[in-house]
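Q: Can you make the complete structure from the sequences, with help from the hints?
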Amino acid sequence: MRTPPYVVNIGPQHPSTHGVFRVKATLDGERVIAAEMVLGYLHRSMEKLAEERTFTQNIPFTDRMDYLAAMTGNLGYCLAVEKLAGIEVPERAQYLRVIFAELQRIASHCMANGTFVNDCGAWQTPLMYMFRERERILDLFEMTCGARLTTNYMRIGGVSFDVPDEWYPAIESLINDLPERIAEYEDLLLDNEILLARGRDVGVLKPDVAINASASGPLLRGCGIAWDIRKADPYCVYDRMQFDIPVGHNGDCFDRFVVRMEEMKQSLRIIRQAYEELPGGPVNVPIPLALRPEPGEAYARIESPKGELGFYVVSDGGPTPYRWHVRSPSFINLTVLNDMVVGHSLADAIVTLGSIDINVGEIDR
Amino acid sequence: MRLLNWYDFDPFRELYEWLAKHTEDWVVYLVSAIVGCVGILTFVGLGALINVWLERRIIGRMQVRRGPNRVGPWGLLQPVADAIKLIQKEVLQPDLADSKLFSLPPILVFIPAMLSFAVFAWAPDMVLANLDVGVLYLLALSSITALAVFIAGWASNNKYALLGAMRVIAMMVSYEAPMVMALLGPVLFVGTMSVAGLVAWQSHYGPLAIYVPISLVVYIVSATAELNRTPADIAEAESEIVAGYHTEYSGMKWGLFYAVELVNSLAVSAIVASLFFGGWWLGGLEEFVPPWIIFIVKTYIFYFGLIWLRGTLPRFRIDQLMALAWKMLLPLGLINAGILATEVLIWREADLGDWVLAVFAVVNIALAAGLLILFFRVITARLYRLPRRPVLVPTIQVPSLPAPKTTASLNPPAAAP
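One line per chain: the protein sequences are A and B, in this order. 211 is the number that the numbering used here gives to position 229 of the first sequence; each next residue is one higher, with no gaps. Take any residue in the second sequence, count from 1 to its spot, add 39: that is its number in the numbering used here.
These are computed hints drawn from the structure, not numbers from a lab. These numbers come from a predicted model, not from an experiment. Yeah, the Cβ is synthetic: ideal placement off N, Cα and C, and Gly gets one too. Hints are not guaranteed to be accurate.
To be verified - Output of the computed footprint for chain B on chain A, the stretches with three or more beta carbons under 8 angstroms from beta carbons of chain B:
{"#": "1", "region": "27 to 39"}
{"#": "2", "region": "126 to 138"}
{"#": "3", "region": "172 to 182"}
{"#": "4", "region": "199 to 209"}
{"#": "5", "region": "212 to 226"}
{"#": "6", "region": "229 to 239"}
A: Given below as structure tokens:
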């Protein structure tokens, strides 16, 4: 029976678009025959606003881009400015940056995997368990810099505060507890036939399409391509850390899910190494409040939880950046959504969207 | 079999006897019927409130949080507060909705949910309507709900609601078949369709669950699907189609849909408790404890099972759910019906003693285990094709890019409808 196609607005207000994001989906029955993405509902014009503020004043913007991974946002921007101004960061700050970036990765992956299983229909339960672990990480952030979500912790030339005394036992117990917890989740979720049925062979991304679209992060690694900025272009002290890159088999939603699960374990490995080698000394170098880098440009990239996060900063010698541009992984990863959902059912489209792990704050900026 | 044989509710028995002595027969009939209806309505109404609390509280505990604990002791008054809030809320109705049809479904879904409680045996002599076709009646009521839900989805004039309604129709029609096949099991085995009769048989021979295990599994799976609860809540899949057929309903109209969901779950638990686990029977304990308490406790044990499922499992996709019904449950139900019919024939015709029932139980449980494992393996084989853990690679490896004239395209043009 032929039925006329009809358009369904998924979003901007919808339980699983993870923010104010809209997909104009043309459906034939339940099958998606076209999906048009409509962006811009959360546009805050950060790249333009940043041209009016000093280099230091721009750090809080990076919190509010990917608000689930504020630390990595801070880090990417600070690295770019340090590269531009030629600032050397003390050893201890480098290690603290690695520890906090990896903690943030675990927190962000907790959120990503929790909402992915939630999108698959497990009524909030995995999400709540993942939140339990995320809470402990946010507690560590709060101890160190007073904020939980928009941390504004990294500074140009180091980090804003040294860790307090109560931080050490807290992170030790976290490092000791988390492997057990993650193993428990793997036991529960990796053998769940319904989750497998929802994730396997759903939203398959071909490796060549992923590379052509310049996808990055777990989305790219899920396709079986071992690519990680921490290895390819090491920043901070990642070249001293031992860790593996998890890659998937098939490029489907389930692969992205298990890759994130494994990355949490690898992040814990990095945190343990960095914590054990944590040197003493200052945590930042004094820089002028109105930093005036030499005219020039710099691009720094890091492996944020969502993928390759790049900051492009141009200075004309003044106290504010001449141009400030962000290469946000969510935005670029989202471009392959169309390839993954067209031809599949509406339910699969939602799961696929959840598995990309987008953050609308970062897409729209 | 008397139509009116539930005088055993002790405080009322004396009233009925007094009435029988001093008035006409029809007065006893009328008074007992009214008392029965009021009793069941009270139980169901209170049950809906208690279930709200239980559901939220137990799922809260399963989700490592506390659940409602502010209103009243242990949050017990939370459902009351919810109900008051819902009644106060404005009932919105979309402009383009069909206003008559839009108001009808909340009432229409409530009636079958309530009616299904009429045929349960609360105690040996406590059945409001001891229908000879009780099982058929329960099946019929469960299908009426589909109609009301479809009206709701259609009248809302909302695409999400219509998607939900389409899913409900597809699912309900599919799951009727395995459900009937499942309930055929106990009916064939015992030889009656009366719920009270089935329970009475179990009080002699033990719970039917051990004689017809496949029926039990098939029934529980198809009933969960029909209830629209996780793992089969595709009709109101929150993450996909917002709230499905009741997207546009608000206030107490929505509240009725929600209450019906809980009452239906309770009804399914009661069906499982009566048909498969002996209803009011508990190995002689019913002599000391009021049988209706045993029945309610059993019902709530299965209700807890439903809550547990809801708190644990992800959701099927609609085609997977359909495949489960047609490829797994229906063949299982057919095989089961064949086996049971043969066994009943042997039992009746060969005039064997009751010992043969024990043999049947062992055979059926072994068959159930074997068949379920076989079907499960066959159905899930495709899923286990690839390893479930990622490969760990110590260094970066990037394949060389394909030649520029790659056929893989980004965002290909939409296929012509």
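Q: All hints, please: hold or fail.
A: Each hint tested on the structure:
1. 27 to 39: violated (count 0)
2. 126 to 138: violated (count 0)
3. 172 to 182: Contact hint for the region 172 to 182 of chain A vs chain B: holds, 10 residues under 8 angstroms.
4. 199 to 209: The restraint on the region 199 to 209 of chain A holds, since 5 of its residues have a Cβ under 8 angstroms from chain B and three suffice.
5. 212 to 226: Our answer is that it holds, as 3 residues pass the Cβ test (under 8 angstroms) against chain B, meeting three.
6. 229 to 239: holds (count 6)
In the structure shown, a violation is registered for the earlier hints numbered 1, 2, in ascending order.
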